[in-house]
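Residue numbers (the numbering used here), protein chains in the order written: chain A, 1216 to 1329; chain B, 5 to 119.
In case anyone wonders, no lab produced these hints; they're calculated from the structure. Careful, some of the hints might be misleading.
Unchecked claim - Covered by chain A, according to a simulated footprint, are these stretches of chain B (three or more residues, beta-carbon under 8 Å):
no., stretch
1, 47-61
2, 71-81
Said to hold, decoys possible - These stretches of chain A come out as covered by chain B in the derived footprint (C-beta under 8 Å, 3 or more residues):
no., stretch
3, 1249-1260
4, 1319-1329
Remember, it's a predicted structure, so these values are computed and weren't measured experimentally. Idealized CB from N, CA, C, for every residue including glycine.
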Amino acid sequence: GENVEQHPSTLSVQEGDSAVIKCTYSDSASNYFPWYKQELGKGPQLIIDIRSNVGEKKDQRIAVTLNKTAKHFSLHITETQPEDSAVYFCAASKGSGGYQKVTFGTGTKLQVIP
Amino acid sequence: GAVVSQHPSWVICKSGTSVKIECRSLDFQATTMFWYRQFPKQSLMLMATSNEGSKATYEQGVEKDKFLINHASLTLSTLTVTSAHPEDSSFYICSAAQTGPYEQYFGPGTRLTVT
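Using the sequences and the accompanying hints, generate a full structural model.
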């Protein structure tokens, strides 16, 4: 099955700096890579995603890059703010139609220091 | 759009009793719903996948008779933890997906504590 590794497990940055979280996946058939933000006691919230036919995607301060050859993808958050503090999960998925099993990474706890 | 709700948000029950958790897609029809379990400071572990009107597909190691899943309609799935024990205490999260798009939308989770 799919295996997703995520690094680092914890990350502290000063407010305004950038944060980068990296993930690798094992199954070359995976074709959808979402990123989730989870605040304490809440469910994960989709913040950005990328499909295998795209190399990079941006949404305001958040960007994701995908390298299919190396089977890794990264989340970039620029101009970090205290409200960005949360646990971030990368994930990989494959399939089509109504069934899309998602394999999650181990999570990165991001702390933005004011 | 794409809002998923869960009820209850937290529940405390006694050992040996059963607990039902509801997951609803509020503004879309979910052909597939997923149930996850999350331990403190850990990632999400997929328990089972359910398609409307079909039996759920359980992940390896998940007891079917203990975690009963029903997906009776395109907007509702339920997870029943039967004969709960303290080791079943956890954060249970559901998600819902539409046919075609890849996105899964997660509910806010249910904190189960078994005493």
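Now the hints, each set against the structure:
no. : hint      : in the structure
1   : 47-61     : holds (count 5)
2   : 71-81     : violated (count 0)
3   : 1249-1260 : holds (count 7)
4   : 1319-1329 : holds (count 4)
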